[in-house]
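Number of protein chains: 4
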Amino acid sequence: VIIVKRNVALLGGTGTIGQRFVKILEDHPFFDLTLIVGSRKKAGKEYGRAVHWLLGSEVPGYVKNLKIEEFKASLSEEKDIDLIFSALLADVAEKYEGILRTQGFAVFSNSGAYRMNNDVPILVPEVNPEHIKLADFQRERYGGYITTNPNCSTYGLAMILKPLEKYGIKRVFVSTYQAISGAGYPGVSGVDINGNLIPCIGNEEDKIRRETKKILGEYRKGKIRAWEIDILASCVRVPVRDGHLESVIMEMEENTEIREIKETLRSFKPLADLPSAPSRPIIIREEDDRPQPILDAYTREKDRAGGMSVVAGRLNISDRYLRLFLLVHNTIRGGAGNAILNAEYALKKDYV
Amino acid sequence: VIIVKRNVALLGGTGTIGQRFVKILEDHPFFDLTLIVGSRKKAGKEYGRAVHWLLGSEVPGYVKNLKIEEFKASLSEEKDIDLIFSALLADVAEKYEGILRTQGFAVFSNSGAYRMNNDVPILVPEVNPEHIKLADFQRERYGGYITTNPNCSTYGLAMILKPLEKYGIKRVFVSTYQAISGAGYPGVSGVDINGNLIPCIGNEEDKIRRETKKILGEYRKGKIRAWEIDILASCVRVPVRDGHLESVIMEMEENTEIREIKETLRSFKPLADLPSAPSRPIIIREEDDRPQPILDAYTREKDRAGGMSVVAGRLNISDRYLRLFLLVHNTIRGGAGNAILNAEYALKKDYV
Amino acid sequence: VIIVKRNVALLGGTGTIGQRFVKILEDHPFFDLTLIVGSRKKAGKEYGRAVHWLLGSEVPGYVKNLKIEEFKASLSEEKDIDLIFSALLADVAEKYEGILRTQGFAVFSNSGAYRMNNDVPILVPEVNPEHIKLADFQRERYGGYITTNPNCSTYGLAMILKPLEKYGIKRVFVSTYQAISGAGYPGVSGVDINGNLIPCIGNEEDKIRRETKKILGEYRKGKIRAWEIDILASCVRVPVRDGHLESVIMEMEENTEIREIKETLRSFKPLADLPSAPSRPIIIREEDDRPQPILDAYTREKDRAGGMSVVAGRLNISDRYLRLFLLVHNTIRGGAGNAILNAEYALKKDYV
Amino acid sequence: VIIVKRNVALLGGTGTIGQRFVKILEDHPFFDLTLIVGSRKKAGKEYGRAVHWLLGSEVPGYVKNLKIEEFKASLSEEKDIDLIFSALLADVAEKYEGILRTQGFAVFSNSGAYRMNNDVPILVPEVNPEHIKLADFQRERYGGYITTNPNCSTYGLAMILKPLEKYGIKRVFVSTYQAISGAGYPGVSGVDINGNLIPCIGNEEDKIRRETKKILGEYRKGKIRAWEIDILASCVRVPVRDGHLESVIMEMEENTEIREIKETLRSFKPLADLPSAPSRPIIIREEDDRPQPILDAYTREKDRAGGMSVVAGRLNISDRYLRLFLLVHNTIRGGAGNAILNAEYALKKDYV
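Residue numbers (our numbering), protein chains in the order written: chain A, 47 to 398; chain B, 47 to 398; chain C, 47 to 398; chain D, 47 to 398.
Take the hints with a grain of salt, since some may be wrong.
[Unchecked claim] Which stretches of chain D does chain C cover? Using the computed rule of at least three CB atoms under 8 Å from a CB of chain C, they are:
hint, stretch
1, 102-110
2, 218-225
3, 273-281
4, 291-302
5, 329-339
[Unchecked claim] Subject to a maximum C-alpha distance of 20 Å in a straight line, what follows is the list of computed DMTMM-like cross-link-like pairs (lysine to aspartate or glutamate):
hint, chain 1, residue 1, chain 2, residue 2
6, A, 216, B, 299
7, D, 308, D, 365
8, C, 69, C, 104
9, A, 348, D, 365
Read the hints as simulated data drawn from the structure, not as lab findings.
For glycine and all other residues, C-beta sits at the position ideal for the given N, C-alpha and C.
Starting from the given sequences, assemble the full structure and let the hints guide the process.
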């Protein structure tokens with residue numbers, strides 16, 4: 047198969063998520079990152095100089111000298127761009143992603159701006175691939191379309207709940223242990239978080255609830271009916287660099303053998319072969335002290351699927367309450383990685 | 047009032063809890079620490095040399111040159127000891143606390159050895175003062191008696207649940223964020239915990255469940271009937287030095303105004319005046335990012351009651367689910383401080 | 047003796063150093079903090095609401111409801127202010143401290159704005175008390191005067207070098223391990239510093255060199271002749287909340303018994319009795335693993351002199367190279383505490 | 047070229063260095079790890095069960111089920127072993143490495159047991175390749191030979207000093223910032239190191255001095271004459287997982303352009319092509335805040351040379367004092383990686 051690589055633009059490439067886009071897109075078999083759009087302050091500078099690089103020793107060579115450009119309505123057309131990745135903050139994202147959609151672009155966004163819009167999917171290809179059909183309705187209305195990522199702490203929860211749905215979930219409680227990088231850069235002050243815990247993360251608790259209900263919702267004729275099961279989240283920032291851990295309690299309709307539950311999670315079917323799709327979307331660890339962020343956040347995988355799995359451990363069920371811990375890499379699967387996987391999936395399904 | 051100070055012995059004075067005993071007992075108005083008993087390895091050494099001191103710059107002067115003595119059956123009598131504090135590890139505690147009880151001593155222990163024994167109270171004076179009556183039954187049988195502390199993460203939960211009981215609690219879920227000092231010394235390896243999370247703390251989850259049910263149980267004629275409400279705990283070690291944070295979810299019989307709940311917790315009545323009794327056993331914080339270990343674990347108070355309160359925050363109720371975060375200083379209230387308060391209470395009630 | 051308390055104003059009270067001023071000035075025997083001046087953005091708000099409080103559970107009651115006022119040229123006069131403390135950042139400090147000096151005020155500043163001005167002393171009362179005489183020359187010229195603090199990492203070095211000067215120091219090398227709170231708030235990003243080291247702190251290395259040479263300089267007729275000995279500093283930010291550690295190497299004229307050196311440091315004479323003056327300006331620790339920030343940064347002392355000492359340890363000399371580690375609490379002695387001690391000293395010497 | 051892979055044994059494979067050996071030896075082009083020797087307590091267990099694995103999610107598949115064997119005098123012969131890697135602790139190493147040497151084996155050790163023996167080289171192939179000739183003298187006497195690694199904090203220093211020697215170094219001062227993993231496992235207690243600094247690392251300061259002088263010494267007729275220049279080290283443990291940072295000050299004969307010095311370091315010639323030899327043994331960073339452990343400890347390289355370089359930054363010279371910061375990955379280049387490179391080098395030079 048001959049793949050014609052698509053030219054992609056990245057909006058907001060210098061933050062913690064933007065950097066992950068840059069790193070994962072290096073040598074991507076489908077996409078060529080040829081345009082990075084940034085704020086007026088950064089426009090004109092070479093990427094390698096404009097960024098406070100956080101992902102290992104060096105800015106990847108392929109973007110080091112790429113000049114950041116300021117957003118212009120005509121920009122992406124001039125540059126022969128095929129699709130757009132966005133790592134913009136929500137307030138800016140609303141404007142620019144909106145304009146680009148009107149211009150006919152497919153925008154794969156990590157931002158929260160359009161997440162709760164009725165016709166915009168929060169897409170997690172393993173969980174709700176059919177939600178991509180909302181793109182058809184957007185296209186009719188705007189010319190292009192937007193897909194969004196869930197919040198970084200939502201993704202892991204949705205992934206786990208999907209295969210367990212069949213056992214009858216009545217209610218979900220989650221307490222999070224969220225890494226510092228999830229707050230962006232500079233994000234949380236070192237004075238606040240060093241050796242400390244902060245039980246407050248914006249309106250994350252509400253996001254987890256609403257986004258999970260949308261992701262797990264049923265698609266029908268251009269509409270998504272939210273999942274009916276309620277979710278309560280309590281969120282805490284912890285002094286860990288990468289990797290969100292979550293303590294999850296599910297009230298179930300009935301008791302099920304924990305072995306069967308593990309088997310169901312383990313065998314949750316991967317997508318057909320895509321470069322960023324992990325071969326095992328859910329990894330179950332049997333040790334009694336796992337998952338741990340330092341050991342498990344970055345799951346090794348073929349291709350660029352490293353850090354794209356959810357790792358779950360310490361599963362047990364008693365008296366109809368199923369409990370487990372899950373871990374997700376918040377800037378890979380919970381960020382840039384999921385948007386790239388969305389684009390790969392859209393390409394495969396002829397949405398690009 | 048003239049108080050005749052009692053001579054007290056401390057078993058196991060060099061660990062993280064033992065050091066807290068030493069610190070809180072300095073200049074105590076009721077107690078004179080005159081004997082520290084340690085392992086054979088430490089016996090004969092001066093306390094100041096035998097201890098790896100963790101609580102600020104200097105070992106308190108009053109014990110610096112005190113020679114640690116090895117346990118001998120006759121030891122505490124020789125030294126004219128009135129009562130015993132124990133910071134022993136559970137395995138050693140069983141033997142020595144048992145011997146001392148047989149010799150007629152009142153033993154105020156932080157150890158887990160006797161916690162679940164039917165005739166031994168897990169005493170939290172604000173919560174279950176009447177459980178001290180179990181001492182009468184022990185005395186009949188053994189001559190002396192033992193009271194124990196709850197596990198460091200149990201105390202805060204019990205304190206919060208007690209005043210809320212009247213609203214009808216159906217079920218309790220708790221996810222913990224536990225400080226390193228709770229594992230003793232050397233305890234957790236720095237390699238494991240630095241910038242990491244470990245979702246595994248011995249059999250803490252089971253302890254929280256069983257101990258809370260005992261503490262909140264009803265005393266009747268020498269017996270305690272365990273609290274009927276079930277508790278599910280998920281425990282995580284976090285890279286914080288002192289202070290256990292807990293995310294608590296309570297399924298309630300019905301919705302109650304959160305203002306009323308806060309008021310009930312705030313006005314939870316203190317004990318009559320004791321040196322280690324906090325004037326406000328439960329402190330409610332209204333900020334949206336508290337409690338935090340660095341700011342709130344050590345609550346300032348008169349006398350030696352610093353660090354003896356539970357701090358709760360982020361209370362809210364929705365659809366009959368009451369949620370909050372609570373914080374407790376794990377080596378003070380969750381350790382030495384509670385045992386000392388127990389002894390103060392026992393003294394006041396003529397149990398010493 | 048009846049002390050008439052002086053009314054003091056604080057410029058910039060909400061940062062990490064400003065908060066220390068507020069905390070140390072609570073119940074101060076000489077000073078009443080009656081005015082807090084802040085930026086336009088904070089002016090009009092109550093202190094308790096405007097501040098992101100970092101020093102334990104609660105904003106001190108005495109300032110909680112004090113309204114922050116905006117700087118007006120006439121402000122401090124209206125309020126019957128006797129002297130000024132400043133925790134302003136250097137850029138703002140230059141303007142406002144200058145105005146107040148012209149109005150005849152004594153300004154005790156932590157800011158760097160005037161540090162290197164010829165007629166402004168960097169005052170460390172134990173080290174260079176005679177430098178206060180520069181105030182006379184300022185008064186002549188401006189009406190009032192300014193004294194400044196050294197940079198937080200300079201103070202400890204100057205304190206140690208002073209008593210050792212007599213042994214003949216030829217050159218000084220220092221490598222620092224500086225706490226996060228030294229960068230102010232929000233200061234260093236949690237993403238950067240968590241589990242990491244940053245070998246870069248503004249132009250701190252140059253400050254240490256120049257300020258130390260000025261502090262140890264000789265006062266003569268309104269001028270200070272800089273210390274001739276050279277100092278080379280290499281500075282690193284470390285993931286520690288409070289307390290700057292420094293590895294110091296001194297090339298000496300000759301070898302001296304380490305016992306004598308320790309004795310000289312230990313007996314470095316304290317100031318006459320002032321509330322913030324530590325009874326032991328230099329504490330020598332004999333353990334082979336001290337000083338440590340968590341154990342030694344906050345030195346316990348009478349009155350408000352806690353955290354005002356330098357702690358040194360691991361002293362040894364070989365082949366004319368004297369080496370040691372020193373530790374200083376960067377926001378107390380290396381910040382607000384020193385400015386307050388300066389004011390106490392000035393008051394005693396009739397400079398206020 | 048057809049390479050016949052050699053069978054290698056690893057002594058002490060479950061510690062922090064042992065695990066690195068296991069990881070780097072996976073798919074090694076020259077070596078097949080076929081035997082892991084452990085303590086009596088671990089013997090008989092599968093490696094995957096006996097190890098507390100610290101290097102990412104999973105124990106490498108190739109050793110997971112390998113049974114750890116107890117040391118027997120005949121063991122390595124039975125197993126058809128060609129050479130030995132040792133990650134033993136010094137006390138045990140002395141005995142077992144000695145026996146194996148007598149049996150004719152080449153032992154590539156990370157342990158300190160034989161480091162200071164006259165006929166045993168501390169081998170860093172880029173720095174002192176000719177020291178391998180000591181092996182000839184050992185062989186004559188014992189049948190086999192031992193090479194050792196420097197201490198983890200020594201390696202980086204030796205690497206930097208070697209190419210700078212020609213400029214005339216008079217004296218070297220170094221203050222270290224050493225990662226937790228350098229202390230082994232469990233090593234440093236989390237209670238001690240969390241948010242803290244410990245200015246004490248065994249007799250590391252002496253080791254740095256003596257080992258560096260030996261490594262840089264001149265080989266002549268089976269003897270090494272120690273480097274004459276003196277080195278003073280002050281060592282501190284810091285709350286960082288991996289990567290030792292060092293602040294280095296060198297008194298030089300004369301001033302040299304810093305550009306020339308950087309060029310000299312940058313062009314320090316690599317070894318001829320070996321799998322673990324970094325293409326750039328010394329990497330110079332020009333940013334003003336580097337090197338940093340999280341960003342720079344693991345240097346990316348071809349093959350298995352990742353983490354095998356020294357990274358230096360912030361170089362400057364003034365008044366004949368050359369200063370810089372260097373960083374080395376303490377368990378890779380400063381541990382297993384160097385021993386493996388030694389074996390590769392020995393193989394190439396027909397010493398195996």
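Going through the hints against the structure:
1. Coverage of the stretch 102-110 of chain D by chain C is violated. Counting CB-CB distances below 8 Å, 0 residues qualify, and the rule asks for three or more.
2. Only when three residues or more bring their CB closer than 8 Å to a CB of chain C does the claim for the stretch 218-225 of chain D stand; here the count is 3, and the claim holds.
3. By the rule of at least three residues with a Cβ nearer than 8 Å to a Cβ of chain C, the coverage given for the stretch 273-281 of chain D holds, with 3 such residues.
4. Counting residues of the stretch 291-302 of chain D whose beta carbon lies closer than 8 Å to any beta carbon of chain C gives 3, which reaches the threshold of three, so the coverage claim holds.
5. With a cut-off of 8 Å between beta carbons, the stretch 329-339 of chain D has 6 residues touching chain C; three or more are needed, and the interface restraint holds.
6. Taken as a hint, the residue 216 of chain A and residue 299 of chain B pair is honoured in the structure, with Cα atoms around 17 Å apart against an allowance of 20 Å.
7. Restraint check for residue 308 of chain D and residue 365 of chain D: the C-alpha separation of about 17 Å stays at or below 20 Å, so the hint holds.
8. For the suggested pair residue 69 of chain C and residue 104 of chain C, the alpha carbons sit about 10 Å apart, so the restraint of at most 20 Å is met.
9. Restraint check for residue 348 of chain A and residue 365 of chain D: not satisfied, since their Cα atoms lie roughly 53 Å apart, outside the 20 Å limit.
Hint violations for this structure: numbers 1 and 9, all remaining hints satisfied.
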